[in-house]
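**Student:** Make the full structure from the sequences, and use the hints.
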Amino acid sequence: NTFISLMKDTSLAFVIAFVEIMGQAKIVGARSLRFFEVYIDSALIYWGMCLAAERGIAILEKKAKKFKGG
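Note that the numbering used here has the sequence shown beginning at -9, numbered continuously upward.
A few of these clues could be false.
What the hints assert, rightly or not - DEER-style ranges, computed between Cβ atoms:
1) Lys56 to Phe25: 43 to 49 Å
2) Lys52 to Glu27: 34 to 40 Å
3) Ser22 to Phe57: 45 to 51 Å
4) Ile6 to Ala48: 19 to 25 Å
5) Lys53 to Ala20: 42 to 48 Å
6) Lys52 to Met12: 31 to 37 Å
7) Lys58 to Lys16: 42 to 48 Å
8) Ala42 to Gln14: 14 to 20 Å
Bear in mind the hints are in silico, worked out from the structure with no lab data behind them. In this text, a Cβ means the ideal position worked out from N, Cα and C, and glycines have one as well.
**Tutor:** Below, the structure written as structure tokens:
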């Protein structure tokens, strides 16, 4: 959860992830004139990144809990 919050809430992660994805979407949308589809794809990519990070952190937390003996 902490990593997800960091990714969503900090300005650095926001600048790197969201702005970069949306900047690329704007370029692709301008070329193809299909902005809606491109922005939906961008949202799915961002959502997928968050989901993958959440799952990865959950796995690490389980392993850490086993290692501690809890």
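**Student:** Work down the list of hints and note, for each, if the structure agrees.
**Tutor:** Okay, the hints, checked on the actual structure:
Take Lys56 and Phe25: their Cβ atoms lie about 47 Å apart, and the range 43 to 49 Å holds. Hint check: Lys52 to Glu27, Cβ distance near 37 Å, so the stated range 34 to 40 Å holds. With their beta carbons about 49 Å apart, Ser22 and Phe57 fall inside the hinted range of 45 to 51 Å. About 23 Å separates the C-beta atoms of Ile6 and Ala48, a value consistent with the hinted range of 19 to 25 Å.
The hint said 42 to 48 Å for the Cβ distance between Lys53 and Ala20, and at roughly 45 Å that hint holds. Distance hint check: the CB atoms of Lys52 and Met12 are about 33 Å apart, consistent with the given range 31 to 37 Å. Here the CB-CB span from Lys58 to Lys16 is close to 46 Å, well matched to the stated 42 to 48 Å. Between Ala42 and Gln14, the C-beta spacing of about 19 Å keeps the proposed range 14 to 20 Å intact.
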